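Participant: Each chain, letter by letter, is given below.
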Amino acid sequence: MSLADRLLVMVLFGVVGLSFAAFWTPGGPATEAEIRVGGELVATLDLSHPGEHHIEGHQGISVLRVEPGRLRFVESPCRNRVCIHRGWLNTAGDSSACLPNRVSVSLRGSGAGAVDAVNH
Amino acid sequence: MSPGRPSLSDAQIAGFAAIAVLVHLVEAGIPSPVPGIKPGLANVITLIVWARWGLRSAVWVTGLRVLVGSLLVGSFMAPGFWLAAAGASLSLGTLALATGWNRALPRLPLTVVGASALSAVAHVSGQFLLAWRVFVPHPGLLHLLPLLLAMALALGLATGWLAQRLLQRLPATTADGYTSTHE
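Same order as they appear, the protein sequences are chains A and B. Heads up: the first sequence runs through residues 1 to 120, numbered per the numbering used here. Heads up: the second sequence runs through residues 1 to 183, numbered per the numbering used here.
Honestly, the hints are just simulated from the structure, not real lab data. Fair warning: this is a prediction, and the values are worked out from it, not measured in the lab. The C-beta atom is built at its ideal place from N, Cα and C for all residues, glycine as well. Some hints here could point you the wrong way.
To give a feel for the contact side, a few chain A residues facing chain B, derived at Cβ under 7 Å [said to hold, decoys possible]: (1) Ala4; (2) Val9; (3) Met10; (4) Val16; (5) Ser19; (6) Phe20; (7) Phe23; (8) Glu56; (9) Ile61; (10) Cys78; (11) Ser95; (12) Leu99.
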């Protein structure tokens, strides 16, 4: 790489960085959560109403805690507790699931920045 | 980058285009782990021709590659063809800029690596503009742009490096601009 190459590549890195700054927006805040058991929608929770929800799954009860704008699994009859370790979900498009209990949660938002799904 | 450098004959251009089409076809047959992102190895041929035989030959090789490649894959006149053509046009445009730069500033030359990175970013930008303005005019598509540009820069540097390695191994240019064991 020559000096000109290096300068050019630095400029290009700058352009890519600017494009991230301009267009890379994380999902907006979540307003509601869709709860599914075995793929069937069983409830839609409004995240502005705090509380605990007991969801009957295939192996037992999964407990979801809702706080303003966020939600998490707090109890689930599974072994690995992946759903609980996922922690609080607060962004539109976020999701978590207790696979053994077949309970899944996906957050929805509205307005600018709302996305349909987020993969990690 | 001397103006008097010999360019390729028509038969040699056809030969390089055939290699590029082959690389293009092989690459099209390998599924990409991420849809929409592929290394663009056929561009290595364009870069080699550009670096050694100049812009005019590179334009011909790339144009033939896009045309023949699309006929063989079956995407001629389909969106995929227009995307490839838009990408190729913009990336050739930046190679023209690089040629101009090297003529204007021979003391500060761009090598094939820098030209590759620039043309890869231009390629993706051209495809993206066409896809966004014509095929999928949805604002959500803009969120993909940073990722596509970052991948283009990384893969452009990789293919540029590959082209540079191949150029080092390619026999030195003779007076008629091309050395072949068959001639």
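Participant: Against this structure, judge whether each hint is valid.
Facilitator: A quick look at each hint next to the structure:
no., hint, result
1, Ala4, "holds, 5 Å"
2, Val9, "holds, 5 Å"
3, Met10, "violated, 10 Å"
4, Val16, "holds, 5 Å"
5, Ser19, "holds, 4 Å"
6, Phe20, "holds, 4 Å"
7, Phe23, "holds, 5 Å"
8, Glu56, "violated, 35 Å"
9, Ile61, "violated, 37 Å"
10, Cys78, "violated, 30 Å"
11, Ser95, "violated, 18 Å"
12, Leu99, "violated, 24 Å"
Of the numbered hints listed earlier, those contradicted by the structure are 3, 8, 9, 10, 11, 12.
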